[in-house]
Every structure is written in structure tokens, then in C-alpha cells.
Amino acid sequence: MVVQTPFEDKVVLVTGAGRGIGRAIALYFAARGADVVINYVRNQGPAEEVAAQVEALGRRALLVRANVGYLEEIEKLFTRIAETFGGLDIFISNAATGFNRPALQQKVSGWDYTMNVNARAFLFAAQQAVPLMEKRGGGHMVAITSPGSQRVLPDYVAVGASKAALEALTRYLAVELAPKNIIVNAVAPGIVLTDALKHFSALSDPRVIERAIANTPAGRLVTPEDVAGVVGFLCSPEAAMIRGQVITVDGGYTLITPA
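Residues in the sequence shown are numbered consecutively from 238, following the numbering used here.
These are computed hints drawn from the structure, not numbers from a lab.
Since we're looking at a predicted model, the values are computed, not measured.
Where a beta carbon is used, it is the ideal one built from N, C-alpha and C, also for glycine.
Treat the hints with caution; some may be incorrect.
Said to hold, decoys possible - Dumping the calculated DSSO-like pairs for lysine-lysine here, alpha-carbon to alpha-carbon at most 27 Å: (1) K372 / K417; (2) K313 / K417; (3) K313 / K372.
As the list claims (entries may be wrong) - Label-pair distances were calculated between CB atoms; the ranges are: (4) K344 / V389: 18 to 24 Å; (5) L308 / M478: 30 to 36 Å; (6) G456 / R297: 24 to 30 Å; (7) F361 / P454: 21 to 27 Å; (8) I479 / E245: 27 to 33 Å; (9) V345 / R297: 39 to 45 Å.
Kindly generate the complete structure, drawing on both the sequences and the hints.
This is how it looks when you write it as C-alpha cells:
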């Protein structure tokens with residue numbers, strides 16, 4: 238008897254897949270039988286490493302440089318997917334940016350770019366993804382959001398507002414795309430133990446990570462692999478009746494008031 242892996246021969250697009258959470262998601266699906274489209278903008282070296290790891294797992298990797306903050310770049314990304322694979326099964330909207338400063342110091346350029354990358358890109362990438370998913374009989378979309386969409390975090394107004402918009406889009410798309418057998422949800426990671434967090438902690442405050450762990454009921458920080466596992470579950474048959482939801486992955490951090 239041939240036992241298929243959960244995502245055997247599926248085609249998965251992960252935006253911002255070169256590092257951190259995006260990298261973990263790309264490798265999660267590749268390890269379970271999927272071919273992966275690895276989108277990146279600036280960090281070509283890390284993205285190439287992810288592609289090599291996908292191929293080492295015996296799967297195909299398509300590396301596409303495209304800034305999803307620009308509509309023409311989104312079109313380029315999906316043209317490459319259509320030309321290479323002919324269809325798409327799973328779209329993970331992970332690419333994000335942000336200009337962190339107080340609300341009264343926000344600039345139009347920073348606000349617009351943050352909104353375009355974090356929220357607008359999901360809508361217009363979804364428009365491009367739907368025809369490719371219909372060719373496969375349906376699909377899944379998962380947006381990576383943030384608890385800052387609901388909680389007020391320091392200097393987070395642009396990112397927080399963009400993530401709130403992203404979550405609203407998740408609900409609207411979940412309803413509109415349900416008849417097409419396309420399932421849409423979102424995942425909100427808390428403080429994730431990435432190389433970027435370690436670097437920031439080392440430069441600014443070595444006790445950032447220590448304090449975050451102390452305020453997390455689970456006793457440790459979330460890892461990129463934790464997030465990837467939840468994303469993968471939402472794309473599985475077992476999660477077929479979860480629609481338009483935002484799943485928080487933070488070890489309980491947002492359930493308590495940090496000391």
C-alpha cells in the first residue's frame with residue numbers, strides 16, 4: 238500500500254518565505270509532499286537556501302522575487318506560478334512590513350506602504366490565486382496576522398491597523414470563496430523566537446526574551462515551527478469547517494497582563 242504524505246503533489250505559495258516564519262512554513266509543506274513557491278524581495282541568499290532545502294526533500298521549488306506591495310509584482314508572481322505549475326492549492330500570505338512610530342509621527346508614505354504589503358496584497362493576490370485554485374477543485378488561504386490587530390502595542394499603529402484590515406479581509410474572503418471550495422483563515426503568532434528577535438534583543442535589551450518567557454504561561458516562546466504546524470493544520474481536511482477564523486498562537490501570552 239502506498240501511503241501519501243498529507244500534502245502530496247500540492248502546490249503551495251508562501252510569500253516572504255526566505256526567513257523566520259515564512260521559511261518554517263515552506264519547509265513544513267515540502268516535508269509533507271508539497272512543491273513550494275518561495276517568494277522574497279531583498280534577501281536572495283536566504284531564499285535560495287530555503288529553495289535548496291525544499292529540493293533536498295525531493296520537492297520542486299520555484300523562487301520568485303516579487304514585492305507584493307505593488308500590484309504589477311503580484312501579477313508577475315502569479316504568472317510565474319501559472320507557467321510553472323498550471324495551478325495552485327495553498328496560498329500563505331506571510332510577507333509583511335512596518336514603519337513603527339507613534340500615530341502622530343506617522344508619514345503618508347510609510348502608512349500606505351505598510352497597508353499595501355500587509356493588507357492590500359492579500360486581497361489582490363487572492364484574486365490572482367482563485368482561478369489557479371479553481372483548476373484544482375478548490376484550495377486554502379491562510380493570512381499571517383498579529384495580536385496587534387486587537388491589542389494596542391507601542392508604536393504599532395500602522396502595522397496594527399493593517400493587520401486589522403487583513404483579518405477583516407479574511408472573514409469576507411472566507412464567505413465569498415466558500416462556494417468555490419476555497420477555505421480562508423488567519424493565524425496570529427505572538428512573540429516568535431526568530432533570529433531577528435535574538436538580534437534585536439542582543440542589541441537593545443538582553444532581557445527582552447527572558448521577560449517574554451516569564452510572561453508566557455506555556456513557559457517558552459513560540460517558534461516558527463509552532464506557527465507552521467497551525468498553518469498546516471488549517472490547510473488539512475480535518476480543519477475543513479474552520480472558516481474565516483483568526484487562530485492565536487502565543488503560548489497564552491495575551492491571556493494575562495504582562496508583569
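Outcome of the hint check:
no.: 1; hint: K372 / K417; result: 11 Å, holds
no.: 2; hint: K313 / K417; result: 24 Å, holds
no.: 3; hint: K313 / K372; result: 19 Å, holds
no.: 4; hint: K344 / V389: 18 to 24 Å; result: 20 Å, holds
no.: 5; hint: L308 / M478: 30 to 36 Å; result: 33 Å, holds
no.: 6; hint: G456 / R297: 24 to 30 Å; result: 39 Å, violated
no.: 7; hint: F361 / P454: 21 to 27 Å; result: 38 Å, violated
no.: 8; hint: I479 / E245: 27 to 33 Å; result: 22 Å, violated
no.: 9; hint: V345 / R297: 39 to 45 Å; result: 41 Å, holds
Hints 6, 7 and 8 from the earlier list are contradicted by this structure; the remaining hints agree with it.
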